[in-house]
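S.K.: Each chain, letter by letter, is given below.
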Amino acid sequence: MDPLVTFCLRMGDTTLILGQQTAAWCGHAPVLEEDIAFANMGLDLIGQTQLWYELASEAEGKGRTPDDLAFFRTERQFLNAQLVERPNVDFAHALMRQYLFDAWHLPMQEALCESGHDGIRELAQKSVKEVRYHIDRSRDLIVRLGDGSDESRAKMQAALDALWPYAADLMATDEVEATLSEQGVLPDLDRVRRAFEAETTATLDRATLAVPENGHARTGGRTGIHTETMGYILAEMQSIPRTYPDARW
Amino acid sequence: MSKEWPLWEIFIRGQHGLSHRHVGSLHAPDAEMALKNARDVYTRRNEGVSIWVVESNKITAFDPDAAEHNFAAPKSKVYRHPTFFDIPEDVGAM
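So the protein sequences, as listed, match chains A and B. Be aware that the first sequence starts at 1, since it is given in our numbering, and climbs by one per residue. Be aware that the second sequence starts at 250, since it is given in our numbering, and climbs by one per residue.
Same shape as in the complex, but just chain A (with noise of 0.2 Å):
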């Protein structure tokens, strides 16, 4: 697959797996404010995935929509990071999955609004206005939660636990992201791994919260290989496309 087509896949593929999952919150979350906040960070990354699809389309010229690649693909040819697979468990998790992410999320936008690709770049300037917002909200809760009372404490440290040997596959990169690099593409993403660290490492702290030491770090999504959630989740996703192919609203 062209290189172009691969990575605009990665990345909306990670933002609609991540908008799904948020979207199960709604009408769960613990508290009505929180959970039309969730529901809101949901329907801007489906918003984003939208676009990269668009731009994955254009670039592959075989005429799939959106909705083609949302709902027709199966688990190996879906790339997103395991991270946002991973199941919701509590709330705890949720806030910790969305954190990591945006963690990522935002200077990987940061790095894409200076790409010199027409399209990506437009679409980094439009979305980092929408993840800078996420990113505030999910700081200050994972700080709040973590600074928090004992067993706030305790189920933050639980999803980090959980969640962190994930986090790496965020910033898996291969001969894709080398290719587009030396096109001129992608910008220098060493940069958004620096980022990644001088944020979690700052913000870890500050809500006293402990990165596991094991140095377990699990990545493939990137390239189709997913954890046992997934099948799940693209289950839920796909069943009434699949089931009425050619439905309309």
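Each hint should be verified, as a subset may be incorrect.
Stated by the list, open to error - Chain A residues, not near chain B, derived (Cβ > 12 Å throughout):
#1 F38
#2 E54
#3 D90
#4 E110
#5 M171
#6 E175
#7 Q183
#8 E236
To be verified - For each label pair, taking beta carbons as the anchor points, the in silico distance ranges come out as:
#9 R270(B) x E114(A): 37 to 45 Å
#10 E228(A) x A310(B): 52 to 60 Å
#11 G266(B) x K126(A): 24 to 32 Å
#12 A168(A) x S268(B): 44 to 52 Å
#13 G266(B) x D161(A): 18 to 26 Å
#14 K126(A) x R270(B): 45 to 53 Å
Hints listed in this document are in silico derivations from the structure and should not be mistaken for laboratory results. Since the model is a prediction, treat every value here as computed from it, not as a measurement. All C-beta atoms, glycine included, are put in the ideal place defined by N, C-alpha and C.
Following the hints, put chain B in place on chain A, whose structure we already have.
M.R.: Only chain B this time, still in chain A's reference frame:
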């Protein structure tokens, strides 16, 4: 201590030049979270350019049962409205 978060009143300025208007209320643990919640609950359809939050119990109000003696007197004094003047045509809209 109550486990319920305090109630906040939310005021939103729709556009520059207009005043803030009361739009509703919500619960939040503190002012900063009240602002964030207000942003999500009340401005997701592009309703505003500025948000104020005020803890509901910080608002002092007249006792509704005392409305009779607080507000009745001007009811019979319609001449306090400046509606009894003829405005010359060339003044235009007032």
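S.K.: Which earlier hints turn out false for this structure, listed by number in ascending order?
M.R.: 1, 13, 14
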